[in-house]
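J.: Residue strings, one per chain:
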Amino acid sequence: MSKELLRMENITKIYSNGFMANKDVSLTVHEGEIHALLGENGAGKTTLMKILFGLEDYQEGRILIRGEEVRIANPLDAIAKGVGMVHQHFMLMEGLTVAENIVLGIEPGKAGVFDKETAVKMTLEAAEKYNLPVDPNALVRDISVGVKQKVELLKALIRGVRLLVLDEPTAVLTPQETRELFVQLRDLRSRGYGIIFISHKLDEVMEICDNVTVLRRGRVVGTGRIADLDEKKLSSMIVGREVVKTVDREAPRRGDLVLEVRNLSYVDDIGKIHVNDLTFAVHAGEVVGIAGIEGNGQTELSEVITGLRPPTKGDVMINGQSIKGRNIDQIRKLGVAHISEDRLVYGCAPDLSVWDNIASIYLSSKKFARGPFLSKRELNKFVDECIEEFEIATESRNTPVRLLSGGNIQKVIVAREFTSGANLIVANQPTRGIDVGTASLIHKLLYKYTREKNVAVLLISSDLNELLNHSDRLLVMRKGRFNAHFTDLSRVTDELLGEYMLGVRSMTEEEMGNVL
Amino acid sequence: MKKVQRVDMLFEFLRVFLGLIIAYAITVVFVMIASKGSMADAVRNFAIGPFVNARRFGQLMGKFIPYVLMGCGFCFIYSAGRFSLIGEGIVNFAPIITCLVMFKTNLLVGLPLWLNLTIMVALCAIIGAIVATVPAFIREKLGQSEMVLSIIMNFMLLFLSLWVLKQFLLDRSISMQATKMYPANMKFYSLVGTTNFHSGIYVAAIGWVIALILYNYTKIGQKIKTVGANPQFALYSGINAIAAPFIAQMIGGAFAGAAAAVDAFGLYPRYQYTALTNIGFDGLLVAVIARKKPAYIPIAAFVLAYIRTSAVVLNLSTNIPVEFVNMMQAIIIFFVAAEHFLSKSRQKVIFRLARNKEQEAHS
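In the order they appear, the protein sequences are chains Z and R. When you read off a place in the first sequence, starting at 1, and then add 31, the result is the number in the numbering used here. When you read off a place in the second sequence, starting at 1, and then add 302, the result is the number in the numbering used here.
Looking at chain Z on its own, in the form it has when it is part of the complex:
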């Protein structure tokens, strides 16, 4: 048995709103081991790693590095103790060279004068030692994502780190870059480094990892040797349920055109094209899903439709009326409800009460108003009904939303949007990171509102199960355009969808058929 590098024992972390993010979590990593840390979004992986890296405090448990109990105060402390982290979103200075980034904070030089030559030399030495070839003089903004990752690795290694945490390292890499990364990781393993590998890609985990720890709802639900497990076992450990399509759905009765998007483009301030000449429609009574790897323009599309961003070109018609020249309030009054993907930034005001958070969309309307006054009694009744109908677990309507659990916060948002009287619901990641119960409630509501109340739903999600089980039609978005259009979802598999999302396949316009 090789030497133990890290031992986290019974870590319990409770956030200030009472949410238990980690409960009695233990994790051990040895030298020369690649340890996979798996779990759904919101399972507590990130919190655990933030604790290890000194970014979050914890209430119970202890951390031992090489058998010695430590208290990690901050990231600098973590690095000094030999723990390094490569974040999913790189933490590099785009305008500096590779060498400058690598020595950032430990710059060589005398009397405050930066010695660039030594920095380059240090970089080259490290690159050779760890077999991670980089050009020390290239500017970071000019190098590819794969090279940036090498720079991140070198940055950690040059500081003498012995334990590396890699947060979804392959999410941004091409398959070739992934292969290369794995070669380098194996090399590091053979040199006795410990690696914690966080990923959602089970095949990669099976390929490269030695051991695995699976988290679900903040608890360890399984741990063991990869050799004893297979992908199926892992996946059922992660979700804790069988992943099957079982929902009985009646065919939608397509009604009037509710949302019509015509040649819509959105270009941001720095000239990046997020939405590229899209045309599609959503009718009353149907759920249109949009799949795609995050960052392919789905969020921008939903924000243009709901008025948070202005369209650059083209138009959006809601119930026959253009959104052009209208503000968000006026667009909402055309019949739009919006469940934002960023629920704590756009979806709610955490410090305000449930009441305030539901009342927010009625402050410019005649409903619940007596002239300049709010009709408190009617609103109280309405909010209480929302709390009851949507099963929001809150002590009262006056409880600040930040004291609720993630699922209940989402219920508040869903209650507000679904009861707004809108006939178009734009739901962006409506169930991401929330508990299964709330997710299934939201799915039932989507179904009920389309079938019974003739509402049109645009469902944007990165959860393929959600899309396949709860959409009537499905569009795949890639690089701001549609890549596929499915009208019969019964024959669509995750794999097939994945190939379209990744651009391995793509449909011609004829194959997509009528997207209106």
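No wet-lab data here; the hints were simulated from the structure. Take these hints with a grain of salt, some might be off.
As the list claims (entries may be wrong) - With a straight-line cut-off of 20 Å between C-alpha atoms, the simulated DMTMM-like cross-links for lysine to aspartate or glutamate are:
1. K646(R) to D88(Z)
2. K475(Z) to E419(Z)
3. K650(R) to E87(Z)
4. K179(Z) to E211(Z)
5. K595(R) to D387(Z)
6. K650(R) to E91(Z)
7. K338(R) to E625(R)
8. K594(R) to D382(Z)
9. K594(R) to D387(Z)
What the hints assert, rightly or not - Footprint (simulated), chain R over chain Z, 3 or more residues, beta carbon under 8 Å:
10. 369-382
11. 401-415
Built from N, CA and C at the ideal position, the CB exists for glycine as well.
Let chain Z serve as the given structure and place chain R on it in line with the hints.
T.: Coordinates of chain R only, in the frame set by chain Z:
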């Protein structure tokens, strides 16, 4: 979650309460150390000084009245997430313009007292609201700091007021820089003997009720709170995130104007401000102590008026200067505004609650 909310509210209250107690205790200790005479006398003067006779209590109430109005105004500005300190300058500026109307026109001559006072307060409030639009415009339309601009503007308003005073209204028969005496039907009257406890208290009471209604029962009050709590969320909800804070600052300015009216025409026989009054900053402090809730403004205003009066009493009766006690203000802000004060213990209690809940769920 029921218990968590209660713990949350308890700690919110404790933070303010303990903050005040600690600040008070520290000040008392310093008073004891600094007093050259009898230590007991100094502490007694400080603690109960404002209550020993009608005159001193009147002094306290004289401060309390504008604090209530200024504090209410700040609740709106502060709730919208803005820090316009323009109220300070308005205290100097609004009454001097009203004095122009008072002395240079015949509008108010011969009208009954109550009507004159209503007109004067309303005029000051309107001037305050208008003046407050300048930093509001700079912030909401041009994206610059309303705080920096309002602080600069306070000095501009002070000197502008002095210029108006010297140019048009100076009473040359006295040695100080002031206007003539206010006519009898154009000033607040004392409610208790000849003390500073004057009829402006009615204005404060009415202002407080208006603030309560505006803050808690109107659409605009709700919009202001929402924008202040989370501007992006407000935008997403369809609230005009420029108009609401703009209006909040105007409301704040109007209340500052009313505070100026009760102070200028209540405490003094003539307009005699030659420096900034500090009422604006005190108003901010009142709103901070009241946690931006108009409902708590009277209590907060009373606490601050009491502390301020204690300082004056101490100054007059012992060798301890006013400024010495005023440092208490800094300590109060330090504790009350510091989000992290008590956050460790709060965290511990919530942690225990979550643990217990967990165990209950398992058993």
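J.: The structure should be examined with respect to each hint, and the outcome stated for every one.
T.: Consistency of the hints with the structure:
no.	hint	result
1	K646(R) to D88(Z)	holds, 11 Å
2	K475(Z) to E419(Z)	holds, 16 Å
3	K650(R) to E87(Z)	holds, 15 Å
4	K179(Z) to E211(Z)	holds, 13 Å
5	K595(R) to D387(Z)	holds, 15 Å
6	K650(R) to E91(Z)	holds, 11 Å
7	K338(R) to E625(R)	holds, 16 Å
8	K594(R) to D382(Z)	holds, 13 Å
9	K594(R) to D387(Z)	holds, 16 Å
10	369-382	holds (count 9)
11	401-415	holds (count 4)
Against the hints set out earlier in the document, no violation occurs for any number.
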